[in-house]
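Numbers 1 to 219, taken from UniProt numbering, label the letters of the sequence shown in order.
It cannot be assumed that every hint is accurate.
To be verified - Simulated restraints, written as ranges between beta carbons of each label pair:
{"id": "1", "residue 1": "L34", "residue 2": "Q128", "range": "52 to 62 Å"}
{"id": "2", "residue 1": "Q128", "residue 2": "I24", "range": "54 to 64 Å"}
{"id": "3", "residue 1": "L73", "residue 2": "G101", "range": "36 to 46 Å"}
{"id": "4", "residue 1": "R191", "residue 2": "L34", "range": "49 to 59 Å"}
{"id": "5", "residue 1": "T70", "residue 2": "K148", "range": "18 to 28 Å"}
{"id": "6", "residue 1": "G80", "residue 2": "G199", "range": "31 to 41 Å"}
{"id": "7", "residue 1": "A171", "residue 2": "P201", "range": "52 to 62 Å"}
{"id": "8", "residue 1": "T70", "residue 2": "I24", "range": "32 to 42 Å"}
Simulated from the structure, these hints should not be mistaken for lab results.
If you're wondering where the values come from, they're calculated on a predicted model, not measured in any experiment.
All C-beta atoms in this analysis are idealised placements derived from N, C-alpha and C, irrespective of residue type, glycine included.
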Amino acid sequence: MSGKFHKENKEAAEDWLLSYADMITLLMAFFIVLVSMSKIDPAKYEEVQAGMAKDVGNREVTKPLQDLKTELLGEIAGAGVEESVDVGKDDKGIVLNLASGTVFKPGSAEVRPEILPLMREVVGTLNQQRFLGYQVEIQGHTDDTPVKTQMFPSNWDLSAARALATLRLLAELGVAQSRMKISALADTAPRVPNRSESGKPYPENQAINRRVELHIYPR
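Work out the full structure, taking the sequences as your base and the hints as a guide.
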């Protein structure tokens, strides 16, 4: 009796496995038919492919930019100028902000000798093999206090002169001029408000807005 019961259980198990295998086979056949009947949209395929390539490219660019930012922050800390020099990011790359009071003598485009050690370190980083393909855009900025001297008739002249002086300094220290360009923005792009709504000046904010920016990004 027990032998017969065991045989029936074994046959039932085998029947169940066969039914399960048949079901899987039918499902596979069903999906194969679905795939064979579907149409691949070439435009959609290219869009997905381009998106994947862009994502990979972004990751390849982001790593060197982060490395550059880390190195610049280390150089700033080593020079002890964290209060007047900082590193940020924009949609193109890294931005090195240099307060004009740290780089230039008051009311002039003459470079302070105290800034030279830091700038040598910065140039050494920019000339590393992995960063040689990076563009350096130098922007000169002022606060909103009108400038009117014989040498600098306006804020535009002062911001342009400081941007050009920075380019010359970087070139003297070893950055190829073909990698650089300059622009002067005067007081048109403040980082923080120069004045209150009533027109009262904020001296600390004005000091922040008087600056030279190095925008460093892949060409």
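Evaluated hints:
no., hint, result
1, L34 to Q128: 52 to 62 Å, "54 Å, holds"
2, Q128 to I24: 54 to 64 Å, "58 Å, holds"
3, L73 to G101: 36 to 46 Å, "20 Å, violated"
4, R191 to L34: 49 to 59 Å, "58 Å, holds"
5, T70 to K148: 18 to 28 Å, "42 Å, violated"
6, G80 to G199: 31 to 41 Å, "36 Å, holds"
7, A171 to P201: 52 to 62 Å, "35 Å, violated"
8, T70 to I24: 32 to 42 Å, "53 Å, violated"
Against the hints set out earlier in the document, violations occur for numbers 3, 5, 7, 8.
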